[in-house]
Amino acid sequence: DAKTTQPPSMDCAEGRAANLPCNHSTISGNEYVYWYRQIHSQGPQYIIHGLKNNETNEMASLIITEDRKSSTLILPHATLRDTAVYYCIAPRMSGGTSYGKLTFGQGTILTVHP
Amino acid sequence: DGGITQSPKYLFRKEGQNVTLSCEQNLNHDAMYWYRQDPGQGLRLIYYSQIVNDFQKGDIAEGYSVSREKKESFPLTVTSAQKNPTAFYLCASRAQGTTNTEAFFGQGTRLTVV
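Chains as they are written, first to last, in the working numbering: chain A, 1 to 114; chain B, 1001 to 1114.
Misleading hints may appear alongside valid ones.
Derived DSSO-like pairs: lysine-lysine, alpha-carbon spacing no greater than 30 Å straight-line [claimed, not checked]: (1) A:52 x A:3; (2) B:1014 x A:69; (3) B:1083 x B:1014; (4) B:1057 x B:1014; (5) A:101 x B:1057; (6) B:1057 x A:69; (7) B:1071 x A:101; (8) A:3 x B:1083; (9) B:1070 x A:101; (10) A:69 x A:3; (11) A:101 x B:1009; (12) B:1009 x B:1057; (13) A:3 x B:1014; (14) B:1057 x B:1083; (15) B:1009 x B:1083; (16) A:69 x A:101; (17) A:52 x A:101; (18) B:1071 x B:1009.
Ranges between beta-carbon positions, derived for each pair [to be verified]: (19) A:106 x B:1084: 12 to 20 Å; (20) B:1061 x A:53: 35 to 43 Å; (21) B:1014 x A:30: 47 to 55 Å; (22) A:106 x B:1005: 25 to 33 Å; (23) A:3 x B:1097: 22 to 30 Å; (24) B:1017 x A:16: 23 to 31 Å; (25) B:1040 x A:58: 50 to 58 Å.
Residues of chain B placed beyond 10 Å of chain A at every Cβ, according to the derived structure [claimed, not checked]: (26) 1024; (27) 1041; (28) 1042; (29) 1048; (30) 1056; (31) 1058; (32) 1062; (33) 1073; (34) 1075; (35) 1077; (36) 1090; (37) 1094; (38) 1101; (39) 1102; (40) 1107.
Since the hints were derived computationally from the structure, they do not count as laboratory data.
C-beta: ideal position from N, C-alpha, C; glycine also.
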C-alpha cells in the first residue's frame, strides 16, 4: 500500500467545515485513495474514495490534488457526532485490481467542539 | 441484510489458553482481514486472505493463526504464544476489483486475558 501521512489530531467548531489532509506522495497512478472513520470502540466505517477527480457523497467531499500526492477530506458542516478517528489509505493495486494488504496508519483524531 | 459479523463482542480468557474469534460475512467478498487495535493506537494487520484456502501474514502475525476453509468465514485463533493478547480485534472484508472495493468492518471483539 502507498504510505500515507496524516496529522495526529485536529479540532473543529460545530457547524464549521472540517478539512482533514492526507499526504500520499508514493501513490501509483491506478491506486485509489480511501477514507474511513472510527468512532470510539466501533469498527471503522467507509466514507468516500477517489482516483483523481474530486468526489462528493452524502457524508463528505474528497479533493485530490492534480499530482495525486495529497488529498483533503471535507466534512462541510461538522457536528459533535463527527468526532472520530479518520483514516486515509491507498491500497495497492496489481493487474488492475485491488490486491493484498490493507494497511491503516494512526489516522487523525478529529474533535468537534460546541 | 448483508454484512460482516464478529462474535462475541466481549471475551474473557485465562492466560495460557487458546481462544478463537469468529468472523462471518455474507457479502460474497473474496478478501478478509484481521486487525488488532490497542488503546489510542491505529489498526495493525495480523493476517489477511484473498481467496479460500489461502492466507498471508500481516505485520504482527506472531502468536496468531487463521484458517479460510469457507469464503464466508475467517476465524482467528489467539494462541498462548501471543505475549500480550488483551486488545480490540477487528475483522474486515472487501471485494476484489477495480472500483468499489471499500472494506466493511465488523463491530469488533474485545478480548481480555487475565
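Hint by hint, here is what the structure shows:
1. A:52 x A:3: OK: residue 52 (chain A) and residue 3 (chain A) at ~17 Å, within 30 Å.
2. B:1014 x A:69: 47 Å, violated
3. B:1083 x B:1014: 13 Å, holds
4. B:1057 x B:1014: 26 Å, holds
5. A:101 x B:1057: Cα-Cα ~9 Å, so holds.
6. B:1057 x A:69: 29 Å, holds
7. B:1071 x A:101: Distance ~18 Å between residue 1071 (chain B) and residue 101 (chain A) Cα, so the pair holds.
8. A:3 x B:1083: Holds, at roughly 28 Å.
9. B:1070 x A:101: 20 Å, holds
10. A:69 x A:3: 11 Å, holds
11. A:101 x B:1009: It holds: about 25 Å lies between the C-alpha atoms, which stays within 30 Å.
12. B:1009 x B:1057: 24 Å, holds
13. A:3 x B:1014: Distance ~38 Å between residue 3 (chain A) and residue 1014 (chain B) Cα, so the pair is violated.
14. B:1057 x B:1083: 17 Å, holds
15. B:1009 x B:1083: 22 Å, holds
16. A:69 x A:101: Roughly 20 Å between the alpha carbons, so the hint for residue 69 (chain A) and residue 101 (chain A) holds.
17. A:52 x A:101: 22 Å, holds
18. B:1071 x B:1009: 22 Å, holds
19. A:106 x B:1084: 12 to 20 Å: About 19 Å separates the Cβ atoms of residue 106 (chain A) and residue 1084 (chain B), which means 12 to 20 Å holds.
20. B:1061 x A:53: 35 to 43 Å: 37 Å, holds
21. B:1014 x A:30: 47 to 55 Å: The hint (47 to 55 Å, Cβ to Cβ) holds, given that residue 1014 (chain B) and residue 30 (chain A) are roughly 48 Å apart.
22. A:106 x B:1005: 25 to 33 Å: 27 Å, holds
23. A:3 x B:1097: 22 to 30 Å: Holds, since residue 3 (chain A) and residue 1097 (chain B) (Cβ atoms, about 23 Å apart) stay within the stated range.
24. B:1017 x A:16: 23 to 31 Å: 50 Å, violated
25. B:1040 x A:58: 50 to 58 Å: 30 Å, violated
26. 1024: With a cut-off of 10 Å, residue 1024 (chain B) remains clear of chain A, as the shortest Cβ separation is near 14 Å.
27. 1041: 7 Å, violated
28. 1042: Incorrect as stated: the minimum Cβ-Cβ distance to chain A is 4 Å, not above 10 Å.
29. 1048: 6 Å, violated
30. 1056: It is violated; residue 1056 (chain B) is separated from chain A by about 8 Å at its closest Cβ, not greater than 10 Å.
31. 1058: 7 Å, violated
32. 1062: Given a closest Cβ separation of 17 Å, the condition holds.
33. 1073: Fine: 17 Å to the nearest Cβ keeps residue 1073 (chain B) off the interface.
34. 1075: Answer for residue 1075 (chain B): holds, closest chain A Cβ roughly 17 Å.
35. 1077: 20 Å, holds
36. 1090: 6 Å, violated
37. 1094: 7 Å, violated
38. 1101: Check fails; 4 Å does not lie beyond 10 Å.
39. 1102: About 4 Å separates residue 1102 (chain B) from the closest Cβ of chain A, which leaves it inside 10 Å; violated.
40. 1107: Residue 1107 (chain B) not clear of chain A: closest Cβ-Cβ about 5 Å, inside 10 Å.
Going down the numbered hints, you'll see the structure goes against 2, 13, 24, 25, 27, 28, 29, 30, 31, 36, 37, 38, 39 and 40, while the others check out.
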